[in-house]
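Full structure from sequences and hints, please.
Letter by letter, the chains look like this.
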Amino acid sequence: MKRLSSNKDPTLYDVAPVPIILLLYGIPLLLVVAVVVLIIVAVVLIRRSRRKNREKANPPK
Amino acid sequence: MRMGGHSKSLIAYTFAHFCVDFTCFYILFHGFRNGRDSLESLAIGFLSYNAIAFGLQPIIGFLCDANPRIPVGIFGVGLVLAGLLALSFPWLALVLCAFGNACFHIGGGIDSLRFANGNMTRSGIFVSTGALGVAFGTMAGKSGITTSWLPFLLMTASIVLLLLFTRETDPVLPCTFDTASDLPFAFVIALALASVVIRAFAGGLIPMAWRTGAFLLLLPGICACAGKALGGILGDRFGAKNVGMAALLLSIPFLAFGNHSVFLSVTGILLFNMTMPIMLCVVASGFPRNPGLAFGLTTLSLLCGTIPAFFLLMPRSVVLTVLIALDLLSAGSTYLSTKNSKGERSNEKAQQQQGPHFV
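Just so you know, the protein sequences line up as chains A and B, in that order.
So for the first sequence, the numbering used here puts the first residue at 20; every next one is plus one.
So for the second sequence, the numbering used here puts the first residue at 11; every next one is plus one.
Since the hints were made in silico from the structure, they are not lab data.
None of these values were measured; they are calculated from a predicted model.
Every residue gets a Cβ at the ideal spot worked out from N, C-alpha and C, and that includes glycine.
Mixed in with the good hints, there may be bad ones.
As the list claims (entries may be wrong) - Covered by chain B, per the in silico footprint, the following chain A stretches (three or more residues, Cβ under 8 Å):
| no. | region |
| --- | --- |
| 1 | 38-47 |
| 2 | 50-64 |
As the list claims (entries may be wrong) - Cross-link-like lysine to any residue pairs, in silico, SDA-like; alpha carbons within 25 Å at most:
| no. | chain 1 | residue 1 | chain 2 | residue 2 |
| --- | --- | --- | --- | --- |
| 3 | A | K71 | B | R221 |
| 4 | A | K75 | B | V182 |
| 5 | B | K152 | B | R221 |
Structure, rendered in structure tokens:
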């Protein structure tokens with residue numbers, strides 16, 4: 020990527036690997052970020068369900 | 011065996027579990043087999059499939075807990091069937107079958123936990139056939155001989171069975187598992203899920219140089235299936251903590267030194283998989299009214315444990331040490347997060363205390 024960005028007169032040969040690089044590194048990294056987001060969502064859901072369980076177990080008098 | 015009633019729905023979901031996982035892995039391997047850069051595409055395809063199928067389950071589970079009448083299991087099978095029909099478009103088929111797989115697992119997971127009456131056997135039986143479906147589906151997809159009529163037939167049979175034997179109109183009872191230790195809730199859940207993460211990662215490290223022929227390729231799946239079912243049955247008989255700890259500790263020598271011995275290795279795999287239903291029920295103990303969320307959290311943990319395998323290449327020299335260390339760590343987490351439940355009597359007592367929760 021560094022080699023590509025420093026090249027001021029890129030040919031098709033230079034540019035051609037870019038989609039492959041994006042595919043090979045971009046998608047897996049995107050998926051890892053998505054999993055991190057899913058973990059955060061799961062923590063929120065755990066807290067919410069725990070609160071609801073507690074409310075049902077000890078209803079307000 | 012303590013399956014907790016509703017045995018027809020358990021049989022339907024267990025059979026459908028095999029069929030769904032068979033079809034998903036058939037689609038994955040068949041769809042990406044002939045692609046350009048097939049190895050890279052297959053790896054990214056797998057990662058995407060895992061992220062969708064395992065990662066979305068906590069959210070789908072939470073939504074289904076709030077709306078228990080959603081026929082999410084049948085909907086999931088329908089989506090996998092749609093994926094099968096879209097086999098000519100591998101990425102579309104992958105997304106459809108991954109999302110369908112997530113929905114189906116939540117449907118089956120809720121059924122296996124809700125009607126278990128506090129016993130682990132039911133969830134052990136339900137989760138067991140997935141490993142078998144993965145093994146056979148991988149082989150069918152790789153072989154290129156099997157045409158899609160077999161998965162199509164299996165999917166159709168699953169839909170018919172689920173339509174006949176599952177009812178979302180049944181009263182919604184809270185789960186009554188009593189296998190979580192007396193530590194604070196957050197610790198128990200964190201330790202139980204950590205145990206699943208560690209086990210998922212360690213599972214990918216197990217050396218199996220003996221996997222050469224067709225039957226030997228299927229053997230780990232068959233043993234994983236037997237281990238999961240046995241884990242639930244023995245957990246109910248001898249206590250979750252006893253069985254979970256014994257299985258993980260006993261598996262260490264078999265896994266570590268079974269690289270060239272089929273018998274040692276498959277015994278290790280069988281023992282290693284026995285904790286799966288136990289940890290599922292420990293997590294479900296913390297969420298009596300959210301079995302869908304509990305099931306989804308364990309699959310999200312499985313995903314977290316498998317992701318590093320896509321990015322890290324462990325040197326052969328340290329695999330054995332890491333495997334033993336992780337197995338011990340998982341055993342430690344199991345020790346701290348589980349307890350030996352007192353069997354059905356305590357569950358009945360718990361049910362009486364909580365009272366039926368009809369929706």
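Each hint, compared with the structure:
Evaluation of the coverage hint for the region 38-47 of chain A: fulfilled, as 5 residues show C-beta separations to chain B shorter than 8 Å, against a requirement of three. Under a criterion of three residues with beta carbons nearer than 8 Å to beta carbons of chain B, the stated coverage of the region 50-64 of chain A is upheld, 9 such residues being counted. A threshold of 25 Å between alpha carbons decides the hint, and for K71(A) with R221(B) the separation of about 49 Å lies outside it, so the pair is violated. Restraint check for K75(A) and V182(B): satisfied, since their Cα atoms lie roughly 14 Å apart, inside the 25 Å limit.
Simply put, K152(B) and R221(B) have alpha-carbon atoms about 15 Å apart, close enough for the 25 Å limit, and the pair holds.
Checked against the numbered hints listed earlier, the structure breaks hint 3 alone; every other hint is satisfied.
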